[in-house]
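S.K.: So the chains spell out like this:
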Amino acid sequence: MNKSDLVIETTELTKRYGERVVAVDGLNLRVRRGEVYGFLGPNGAGKTTTLRMLLGLVRPTSGSALVLGATPGSPAGLAGIGALVETPSLYPFLSGRDNLGVLARHAGVPAARVEVVLEEVELTEWAADRVSTYSLGMKQRLGVAAALIKDPQLLILDEPTNGMDPAGMAEMRTFIRVLGRGGRTVLLSSHLMTEVEQICDRVGVIRAGRLVGEGTVHELRGRESLRVRAQPLDAAERLLATLPEVEDVAAVDGGLRVTADPAVAAAINQALVQAGIAVSELRPEQASLEEVFLELTQSEKEAA
Amino acid sequence: MTTSVAAELLVVRKRSSTWILLGIWSVLAVLFAYVIPYVEYLNGSGPGNRSLEDLLPDRLVGNLLAGFPFFGGVFALMLGVLALGSEYGWGTLKTLFSQRPGRLQVFGAKLIALGLVLVPFVFTAFALGAGASYAIAVREGADVAWPSASLILRALGAGWFLLAVWATFGILLGVASRGTSLAIGVGILYALVIEGLISAFADSVSFLEPLTKFFLRANGYSLVKGLGVSTVDVAGNGPGAFSGPYVGSAQALIVLALYALGFLLVSGFLLRRRDVA
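Top line first, the protein sequences correspond to chains P and E.
Taking our numbering, the leading residue of the first sequence gets 391, the next gets one more, and so forth.
Taking our numbering, the leading residue of the second sequence gets -3, the next gets one more, and so forth.
Be a bit skeptical, because a hint or two may be false.
Quick list of the computed label-pair ranges, beta carbon to beta carbon [claimed, not checked]: (1) L178(E) to R647(P): 44 to 50 Å; (2) G181(E) to R406(P): 30 to 36 Å; (3) V669(P) to A273(E): 55 to 61 Å.
Think of the hints as simulated: they come from the structure by calculation, not from any bench.
Glycine included, each C-beta is placed from N, C-alpha and C at the ideal position.
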C-alpha cells in the first residue's frame, strides 16, 4: 500500500498515566483514504484516548502518529479533520447556529457553511434555540454538524449515535455511509456491532490499548461453516471426518460445526443419509461480529 | 486571528454572566463612590465627615479609581476565571482545540476578547460616576468643573490596566484549576485575606515588610494614587482598605505589568502543554 493512501498512521503509539496505567500500548493503526474504519473495543480499551491523541488533545508518552500527513494537533492537520469525541461539547447558552458560527470563525470557513451543515443534519428548524434546550439526540446531531463545518477530509466520530432513538440511529448510519462516499475518510468508534457491521469497510478491534484484530467485517467473521444436527451424532462426526470436502469437524452445543464450503452442503447431506444417519438440521453458519469481538476482547481474561 | 477574536467576542457578548457582572459592578461602583458618601454628607456622618467637594465632578477620577485596585479587580478576576475556566466545565476547550487554529491562537483570541470586554467595565463606571457627580453638583448648586481630558484618559487607561492585571490572575487560576469554583474561591481568598493578613503581620515580622511592596493591592493603589485617589479614603475603604506601603507610580506600573505577563506566560504554557480531557 502506498504511504499516501494512509490518512492515519500510528507507530507504536503509547499513552501511559503514571507507572501503572497504560491506556494505549504500542498501537499501530492504519486507516486508508476513503474508507469507513470501525474502531471497536470494550470500555477502557483505549479508544477515546487514541482518538484524542489523533486530534492532538492528548500527548503520547511514546510512539508517533501522522494524521493527513501532519503531526496531530498542528493547524495543518486539524484543517482537514472534523471530530466528535464522546459527547458533543458546545456552549449551552448559545443557539445551535451561534455555536457553529463560533467554530466556523475559529476554523476560518465561510459563515454560509453553517446553514449547509445545519441542513445536512436537519436542525435548521431549531437552529435559533439555545443548545441547553436541545434533546440528547439533537445535541448529537449538532455535534456531527460541528464536525462537518470544515468540510473535512477525515471525520473522527466517537459513538455518534449515542442518545439517539432507533429512527435517529438508522438515519445517522445512512448519513455516515453517505459521508464515507466521495473520498472522505471516516474513523468511527462504536460499541454497537450492528452499526459497525452495516457502516464500516474495515474494522479494528482494540483491547487493553493494543490492536488485537483488523480486517473487513467479512474477514473478521471468518469463513462460513456448516451447522449439522444428526443422530447418532458420533457416527455422523466419524463419517464427516472422512469426507474429502470437509476440512474439520468439531462438536459444538449438541451438534457439529463442519468446516467446509457451504456449496457442498447437499453432498454432505447425501453422504449422511446414505449412511443411515438422520439429519435434523444442516445450514450454513458464520460467526457474528459480536462473537468475534467477544472472542478477541475476552480471550485474555478467560485464559487467566 | 481576526476571525478567532470575532468568535470569542460572540461567545462573550452572548454570555449573560458578562452583563450581570457589568451591571453589578457599575451599580456598586456608583453606590460606593457617590450614593453612600453623599448620604453620609447629608447626614453629617462618615469617615472624617464627608465634604461636598469630594463628590463634585472635578474629583471624578480620584473617586472612581479608588474602587479599581481591589473591588473592580475582584470582578475582573471573575471574568478572567470564567473566560477560561468555564471552557473546561463545558468541555468546549476540546472542541475549540480541534479546530484549525493552534492552542495559543485560541488563547490569544480569548485574551483579546477579554481585554475588549473590560473596556465597557471602565467606561460604564466612569459614565455613571460622571452622571452621579453632575447630579450632586446640580442638586447642591455647586460649580460643575470636570477634570482635564488628559487626566480622564490616563484614568481610563489605568482603570483598564488594573482590571486587566486581575483578569490575567483569574485566567491563571481558571487554567490551573481547570474549572471555575475553586479558581474564584482561591482568587477571592487571595484578594480578601492573604494580602491583607500578610500586610497586617508585616508590622511585627520584619522580613514580610519588603514583600508587601510587591502585592497586587499595594501596586494597584500606588498606581492610582498618582492620579488623585485619596489615601485617607482608601484607608477606610471597607474590606479593600489599604493604608500602605505605597510605591512610586513607575514601579507600580512595572510590577503590575510583570504580574500580568507572568500570569499569561504560565497560563499559556499550561494550556499548550497539558492534555485536554
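S.K.: Hints first: check each against the structure and report whether it holds.
M.R.: Hints versus structure:
no. : hint                           : result
1   : L178(E) to R647(P): 44 to 50 Å : violated (60 Å)
2   : G181(E) to R406(P): 30 to 36 Å : holds (32 Å)
3   : V669(P) to A273(E): 55 to 61 Å : holds (58 Å)
Of the numbered hints listed earlier, the single one contradicted by the structure is hint 1.
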